[in-house]
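Chain A is already provided as a structure; the job is to place chain B on it using the hints.
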Amino acid sequence: MKTEKKIRALIVDDEALSRQIVLEYLASHPEIEVIGECSNGFEAVKEITEQDPDLVFLDIQMPKLNGFEVLELIDKKMAVVFITAYDQYALKAFEVHAVDYLLKPFSQQRFDEALSQAKAGFLSKSFPRIPEMAAVTQSGDLILERLLVREGSQVHVLPAETVDYVEAQDDYIQIQAGGRSYLKQMTLSELETQLDRKRFLRIHRSYILNIERITKIELYAKDSRVVILKDGKRLPISRSGYDKIKKLL
Amino acid sequence: MHPILAYRGRLALYLTAWLVLGLLMTLLAVSSGNLDWPQAILFSIPLSLFFAFVNLSAYYLCRAFPLERGQMVQLFAVFGSVSLLSSALWTVLGSGWYWFLGQIANAGAPVQMPAALVGVFFGLGVVLYILSVSVFYLMIEFERSAGAERREFELKMFAQEAELKTLRSQIDPHFLFNSLNSISALTTNDPAGARGMTLLLAEFLRKSLNLGAKDKIHLAEELELSLSFLEIEKIRFGERLQVLCDRDPSADHCLVPPLMFQPLIENAIKHGIAGLVGGGLISIQTRRSGSLLRIFIENPIDQEAPKKSGVNLGLENVTKRLDAMYAEKARIDIITTDTRYRIEILLPAEEEES
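Protein chains in written order, with my numbering: chain A, 1 to 249; chain B, 1 to 354.
Same shape as in the complex, but just chain A:
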């Protein structure tokens, strides 16, 4: 008979006491192995990327990145149990297919329920890949204030106002900000719906532009124009893109 593989779990919470209680409740579950504890979002992204846990106990309000932002940056299959004192994120948590949502303080019994949910999920292998979640975490009517990009286990936080323009690259987008470019798995149309429409315009099938970077617009052939940015970069504008700019400026 094959010995059952242990479930590898990561605990992410910025409060030591909160991590401690999860550890304590896990003591009666020898089938679960705690592979690490993280106290902020950056650490969590690093650990999840490097260690590939099966199960993550994830706080929502944390320094650097919140729990949802952590998930957005990860493309792994895993079970997520949110643990928080705030009940207003519950809906969003289930939109990102969290296994469970524990409200602080919680009992051992309630915690065990969450664990059995997670185990049931492992058996049926019903966890979605996280990129599917990411699309949900970013939907909604909130305007995106910062873009998150992961390179390996490193995370870049790009405030929206520092972004010059974004170019479509198949399934990826290339973000130009602060003199360098970042690649992120996302489509241009997805991004377009999330950015501030007063600042960012889809000027072309393949480009979203921060209109504050425009110095001038030039006509270079009949009916086709280019926009010239402050750093001298030239980007094509479609006719509908030109109409949008005219309307906004």
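You may find that some hints are simply not true.
Said to hold, decoys possible - In silico BS3-like cross-links for lysine-lysine, where the CA-CA straight-line distance does not exceed 27 Å:
# : chain 1 : residue 1 : chain 2 : residue 2
1 : A       : K119      : A       : K77
2 : A       : K233      : A       : K222
3 : A       : K216      : A       : K247
4 : B       : K270      : A       : K92
5 : A       : K46       : B       : K270
6 : B       : K207      : B       : K156
As the list claims (entries may be wrong) - Among the chain A residues that face chain B by a calculated CB cut under 7 Å, a handful are:
#  : residue
7  : Q20
8  : I21
9  : V34
10 : A85
11 : K104
12 : P105
Claimed, not checked - Calculated from the model, a selection of chain B residues having no Cβ within reach of chain A, i.e. all distances over 10 Å:
#  : residue
13 : L28
14 : Y59
15 : L61
16 : R63
17 : F100
18 : I130
19 : M139
20 : I183
21 : L186
22 : I235
23 : S250
24 : R287
25 : N312
26 : L322
27 : R340
Keep in mind that the hints were calculated from the coordinates and are not lab data. Every residue gets a Cβ at the ideal spot worked out from N, C-alpha and C, and that includes glycine.
Showing chain B alone in chain A's frame:
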């Protein structure tokens, strides 16, 4: 209350208007030829003043027959007949008085008031009565709308007061949930710590209930309350939370609205310490210079955190309360750098009158 009789100033103005009318009537009486000037004045002034008071009574009739749709016929009937009646009474009295004065002037020979003058008086009486009625209706309507306005204003004040009361008693429930979670975690490994935290929490809640019920408290009490709140948060955040309280003893006895600091300190934790991996220092400073009280609350913030675009409820509440209490005598300034957030509160230094 009668809108004219009850106010001396209005009554004087009203009677003056009637005196002017009385002078007009004097002219008419003189032109009738039977009376000389003094007699004409003696005739018309008492007569006009008498009718002035008769017309004042129209107010009660107006109250008895409020303006309502569908009642117009009834109103016309009532006021038509009353005006005719009172004018007739006035005219009869007037001609009697005319006759009496004329007899004195003409040494016994009977003098009738000329028919033309009788007609003029009667017509004038009717018109004046109707005029008074309209004026009273206008006054009643005006009074009613002013009353409605005042009631509305009173309601608004009342609502504002109620709002302020709830604002002041607001303690973030998540603080309680987080604290209970910490206690729950301590129970197994550090029972003494769990008990300590329970006691701190109880003390804080009791203090905030007691102080919250008062209108104003000493700055020292408010500071103690904030410090006991931070003491509890220290258990949750551990090394990440440091507190520095630099107080000016001469400011301790100044009066401030209770729980004024609470939302600000909560913000300092929520938007400051909680967002920083290494935490930081919350510093509270009080200073008194003469009649001014200054309070500074400062906390570190995460440079990379997105600037909060939404309204800051806690700060807004405090601003509203100070505004309601001190108006332009209080001020709140926010000074932010990339890494620090500082609130400066300026209040009049009030002390209890001993």
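We went through each hint and held it up to the structure:
Restraint check: the Cα-Cα separation between K119(A) and K77(A) comes to about 14 Å, which is no more than 27 Å; the hinted pair holds. Distance check on the hinted pair: K233(A) and K222(A) sit about 21 Å apart at the alpha-carbon level, within 27 Å; holds. A hinted pair counts as satisfied when its Cα atoms are at most 27 Å apart, and K216(A) with K247(A) qualifies at roughly 15 Å. For the hint linking K270(B) to K92(A), the alpha-carbon distance of about 21 Å falls within 27 Å, and the restraint holds.
With a C-alpha separation of about 25 Å, the suggested pair K46(A) and K270(B) falls inside the 27 Å cut-off, and the hint holds. At roughly 30 Å between alpha-carbon atoms, K207(B) and K156(B) are farther apart than 27 Å, so this suggested pair is violated. Because the smallest distance between the Cβ of Q20(A) and any Cβ of chain B comes to about 5 Å, under 7 Å, the interface hint for this residue holds. A distance limit of 7 Å between C-beta atoms decides the matter here; for I21(A) the minimum to chain B is near 4 Å, and the interface restraint holds.
Interface restraint check: V34(A) against chain B, minimum CB-CB distance 16 Å, threshold 7 Å, status violated. Of the supplied interface hints, the one on A85(A) holds, with its beta-carbon coming within about 4 Å of a beta-carbon of chain B, less than 7 Å. Below 7 Å, beta-carbon pairs count as interface contacts, and K104(A) has one with chain B at about 4 Å; its hint therefore holds. Below 7 Å, beta-carbon pairs count as interface contacts, and P105(A) has one with chain B at about 4 Å; its hint therefore holds.
The claim that L28(B) is not at the interface with chain A holds, since no C-beta of that chain comes within 10 Å of its own (minimum 77 Å). At the 10 Å boundary, the C-beta of Y59(B) stays outside the reach of chain A, the nearest C-beta of that chain being 60 Å off. Residue placement check: L61(B) keeps its beta carbon more than 10 Å from all beta carbons of chain A (closest about 63 Å). A cut-off of 10 Å between C-beta atoms confirms that R63(B) is not in contact with chain A; the least separation is 57 Å.
The beta carbon of F100(B) sits about 90 Å from the closest Cβ of chain A, which is more than 10 Å, so the claim that it is off the interface holds. Listed as a non-interface residue, I130(B) keeps its Cβ farther than 10 Å from every Cβ of chain A; the least gap is roughly 64 Å. The beta carbon of M139(B) sits about 54 Å from the closest Cβ of chain A, which is more than 10 Å, so the claim that it is off the interface holds. At the 10 Å boundary, the C-beta of I183(B) falls inside the reach of chain A, the nearest C-beta of that chain being 8 Å off.
Listed as a non-interface residue, L186(B) fails to keep its Cβ farther than 10 Å from every Cβ of chain A; the least gap is roughly 7 Å. Separation of I235(B) from chain A is inadequate, the least Cβ-Cβ distance of about 8 Å not exceeding the 10 Å criterion. Interface exclusion of S250(B) from chain A stands, the closest Cβ pair being 39 Å apart, more than 10 Å. Distance to chain A confirms R287(B) as a non-interface residue, since its nearest Cβ pair spans about 32 Å, more than 10 Å.
With a closest Cβ-Cβ approach of about 16 Å to chain A, N312(B) is found to remain outside the 10 Å limit, as its non-interface label requires. No Cβ of chain A approaches the Cβ of L322(B) within 10 Å, the least distance being about 29 Å, so the stated non-interface status holds. Chain A leaves R340(B) outside its interface by the beta-carbon criterion, the shortest separation being 16 Å against a cut-off of 10 Å.
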